[in-house]
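Start from the sequences, fold in the hints, and give me the full structure.
Protein chains in written order, with UniProt numbering: chain A, 1 to 140; chain B, 1 to 140; chain C, 1 to 140; chain D, 1 to 140.
These are calculated hints, taken from the structure and not from any lab test.
One or more of the hints may lead you astray.
Label-pair distances were calculated between CB atoms; the ranges are [unchecked claim]:
#	chain 1	residue 1	chain 2	residue 2	range
1	B	Asp-134	D	Asp-48	51 to 59 Å
2	D	Gly-137	C	Asp-134	36 to 44 Å
3	C	Asp-8	A	Ile-106	34 to 42 Å
4	A	Asp-134	D	Ala-10	44 to 52 Å
5	D	Gly-93	A	Val-4	25 to 33 Å
6	C	Gly-93	D	Thr-3	30 to 38 Å
7	D	Asp-134	B	Ile-106	36 to 44 Å
8	C	Asp-48	A	Ala-17	38 to 46 Å
9	A	Thr-3	B	Asp-134	36 to 44 Å
10	A	Arg-25	C	Ala-21	48 to 56 Å
11	A	Ala-21	D	Asp-108	26 to 34 Å
12	B	Thr-24	D	Gly-137	51 to 59 Å
13	A	Ile-26	B	Ala-83	47 to 55 Å
14	C	Gly-137	B	Val-52	49 to 57 Å
It should be emphasised that the depicted structure is a prediction, and the values quoted were computed from it without experimental measurement.
Backbone N, C-alpha and C fix where the C-beta goes; we use that ideal spot for every residue, glycine too.
Here is how the chains run, residue by residue.
4 protein chains.
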Amino acid sequence: MMTVTRLDAADAETLIAGAEAHATRIGVPMCIAITDESGQLIAFRRMDGGKVTSATIAIDKAFTAAAARKATHEYGTASQPGAPAYGIASALGGRLMVVGGGLPVIVDGEVVGGIGVSSGTPDQDRAVAQAGIDTFGAGG
Amino acid sequence: MMTVTRLDAADAETLIAGAEAHATRIGVPMCIAITDESGQLIAFRRMDGGKVTSATIAIDKAFTAAAARKATHEYGTASQPGAPAYGIASALGGRLMVVGGGLPVIVDGEVVGGIGVSSGTPDQDRAVAQAGIDTFGAGG
Amino acid sequence: MMTVTRLDAADAETLIAGAEAHATRIGVPMCIAITDESGQLIAFRRMDGGKVTSATIAIDKAFTAAAARKATHEYGTASQPGAPAYGIASALGGRLMVVGGGLPVIVDGEVVGGIGVSSGTPDQDRAVAQAGIDTFGAGG
Amino acid sequence: MMTVTRLDAADAETLIAGAEAHATRIGVPMCIAITDESGQLIAFRRMDGGKVTSATIAIDKAFTAAAARKATHEYGTASQPGAPAYGIASALGGRLMVVGGGLPVIVDGEVVGGIGVSSGTPDQDRAVAQAGIDTFGAGG
Numbered sequence: 001m002m003t004v005t006r007l008d009a010a011d012a013e014t015l016i017a018g019a020e021a022h023a024t025r026i027g028v029p030m031c032i033a034i035t036d037e038s039g040q041l042i043a044f045r046r047m048d049g050g051k052v053t054s055a056t057i058a059i060d061k062a063f064t065a066a067a068a069r070k071a072t073h074e075y076g077t078a079s080q081p082g083a084p085a086y087g088i089a090s091a092l093g094g095r096l097m098v099v100g101g102g103l104p105v106i107v108d109g110e111v112v113g114g115i116g117v118s119s120g121t122p123d124q125d126r127a128v129a130q131a132g133i134d135t136f137g138a139g140g
Numbered sequence: 001m002m003t004v005t006r007l008d009a010a011d012a013e014t015l016i017a018g019a020e021a022h023a024t025r026i027g028v029p030m031c032i033a034i035t036d037e038s039g040q041l042i043a044f045r046r047m048d049g050g051k052v053t054s055a056t057i058a059i060d061k062a063f064t065a066a067a068a069r070k071a072t073h074e075y076g077t078a079s080q081p082g083a084p085a086y087g088i089a090s091a092l093g094g095r096l097m098v099v100g101g102g103l104p105v106i107v108d109g110e111v112v113g114g115i116g117v118s119s120g121t122p123d124q125d126r127a128v129a130q131a132g133i134d135t136f137g138a139g140g
Numbered sequence: 001m002m003t004v005t006r007l008d009a010a011d012a013e014t015l016i017a018g019a020e021a022h023a024t025r026i027g028v029p030m031c032i033a034i035t036d037e038s039g040q041l042i043a044f045r046r047m048d049g050g051k052v053t054s055a056t057i058a059i060d061k062a063f064t065a066a067a068a069r070k071a072t073h074e075y076g077t078a079s080q081p082g083a084p085a086y087g088i089a090s091a092l093g094g095r096l097m098v099v100g101g102g103l104p105v106i107v108d109g110e111v112v113g114g115i116g117v118s119s120g121t122p123d124q125d126r127a128v129a130q131a132g133i134d135t136f137g138a139g140g
Numbered sequence: 001m002m003t004v005t006r007l008d009a010a011d012a013e014t015l016i017a018g019a020e021a022h023a024t025r026i027g028v029p030m031c032i033a034i035t036d037e038s039g040q041l042i043a044f045r046r047m048d049g050g051k052v053t054s055a056t057i058a059i060d061k062a063f064t065a066a067a068a069r070k071a072t073h074e075y076g077t078a079s080q081p082g083a084p085a086y087g088i089a090s091a092l093g094g095r096l097m098v099v100g101g102g103l104p105v106i107v108d109g110e111v112v113g114g115i116g117v118s119s120g121t122p123d124q125d126r127a128v129a130q131a132g133i134d135t136f137g138a139g140g
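Structural data, given as structure tokens:
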């Protein structure tokens, strides 16, 4: 038997609040998703003006980061033509995201969930996801 | 050109809060989803203990109620064997939900969004969705 | 080698116009789809107020009626519990529609296309689809 | 609550007519799709000789341009190997199109819908989509 540590609903709200604050600061309304360590959705928010396509993309970025335990921008590098994970982007019916904006949430060296952000540039998405993690790490 | 009125992010949070309060009252942790009038996700919350399968089911109930402008339990009645909409449950890749727990959110006679709830019995799900609407109707 | 007779784009517009006129007459804004004899989409119209969920359902009704060469309400009868085609509604990823509103378009005893209608009751959908065929049969 | 402006059915026909006129001018029968601002289909036409595969591609181009508020050829540039959105093409089950021919329809600085064209080269598709927008902008 094993014991798993994962984000709870309150943690998810803290992560979203931190991300949303940064999205507001940079003036880009975002879709923000939080999953548990298995990649299953805990919470989601589309800010007013967030893109419709970005709802699913944010969820899939969080899913990928948590369940594959890797930031989506790292998959971006690893899946370039000629690189070892080339072609992985279409895995899982296209759910495995290789565009920046998905980060694993790590506590005591263990992945306990994921955060995915979409609607801006990949760099903006990643910065907003990181802001969520920073807020969470700081105890909310 | 036409003009459409829909829920915004703050409305969605009010609906979720109202639903969650009732779910807590009856002691059933729920998945709660809010969509706009086109069925696109605005907000989602899985309470601690909500079922993993219920995340997608709640989202699809909200989608169905909003985009088809009909409570999902009404589809349940209309799609019984021998009834006119028999077989509709497998439409849209199975996203069209005919199990109770999805309600359109109606303002001034117009559907402006949907709420979908899942993890309890269909009656519990429906009562929790209704509680969200009641809270929203009361102005949060 | 074989030769196939199918609807062209002008035929599709005639069918849609006839269906839309009847939908307007009964006051139910509809989604109306026309496919060729292989079930491939030729034309689609969502009238102002037609349901979002009904876009795909109308297309799938036309697809089913044309490609399976059978009115969707006939599948409704044939797929009741205990009937020979029970369970067929979930075939093809749920695209095989067994709810009324899909009719094959038949010329000289041959299926040359399909019309699918959705947004009203199945009886209304079917009547609107039939009106399209009547207009087409009368030469537009 | 928020208010959204979107294309209606008459606007969609104007857009299709403008696109079809240009397609006829260059001698390439096209599939032409129009969606509302949420990416939901309003109208579709496959001209005689339009490709079967292009029906879905045109619909997905219009969906992408409207719901992600970006021309599909811009995604083409942004998703090249080494570019920030590399890998985005397989998102949303492959519905997110990065091939030219999808354009957002913008009125008063707001995206009110999308037009997607497919069957020619991406440059031809894009020119035909632009012709639809030009006709619409000129008031049909």
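message: Quick check on a hinted range of 36 to 44 Å for Gly-137 (chain D) and Asp-134 (chain C), using CB atoms only.
response: This hint holds: roughly 38 Å between Cβ atoms.
- prompt: Lying within 34 to 42 Å: is that true of the beta-carbon distance Asp-8 (chain C) to Ile-106 (chain A)?
  reply: Check failed, 60 Å falls outside 34 to 42 Å.
query: Is the gap between the beta carbons of Asp-134 (chain A) and Ala-10 (chain D) within 44 to 52 Å?
result: holds (50 Å)
query: If you check the beta carbons of Asp-134 (chain D) and Ile-106 (chain B), does the distance land in 36 to 44 Å?
result: About 39 Å separates the Cβ atoms of Asp-134 (chain D) and Ile-106 (chain B), which means 36 to 44 Å holds.
- request: Return holds or violated for the Cβ distance of Ala-21 (chain A) and Asp-108 (chain D) against the range 26 to 34 Å.
  value: About 30 Å separates the Cβ atoms of Ala-21 (chain A) and Asp-108 (chain D), which means 26 to 34 Å holds.
field: Outcome of range test on Cβ distance (Thr-3 (chain A), Asp-134 (chain B); 36 to 44 Å)
entry: Since the Cβ atoms of Thr-3 (chain A) and Asp-134 (chain B) sit about 40 Å apart, the hinted range of 36 to 44 Å holds.
field: C-beta pair Arg-25 (chain A), Ala-21 (chain C): status relative to the range 48 to 56 Å that was hinted
entry: holds (54 Å)
query: Between Gly-137 (chain C) and Val-52 (chain B), does the beta-carbon spacing fit 49 to 57 Å?
result: holds (52 Å)
task: Note whether the CB distance of Gly-93 (chain C) and Thr-3 (chain D) lies within 30 to 38 Å or breaks it.
output: Holds: the Cβ-Cβ distance is about 36 Å, inside 30 to 38 Å.
- prompt: Between Asp-134 (chain B) and Asp-48 (chain D), is the Cβ distance one that fits in 51 to 59 Å?
  reply: About 54 Å separates the Cβ atoms of Asp-134 (chain B) and Asp-48 (chain D), which means 51 to 59 Å holds.
query: Quick one: are Thr-24 (chain B) and Gly-137 (chain D) within 51 to 59 Å, going by C-beta?
result: Check passed, 53 Å falls within 51 to 59 Å.
field: Distance restraint evaluation - Gly-93 (chain D), Val-4 (chain A), Cβ atoms, bounds 25 to 33 Å
entry: Since Gly-93 (chain D) and Val-4 (chain A) have Cβ atoms about 29 Å apart, the given range 25 to 33 Å holds.
Comparing the model with each numbered hint stated earlier shows that hint 3 is the single one that does not hold.
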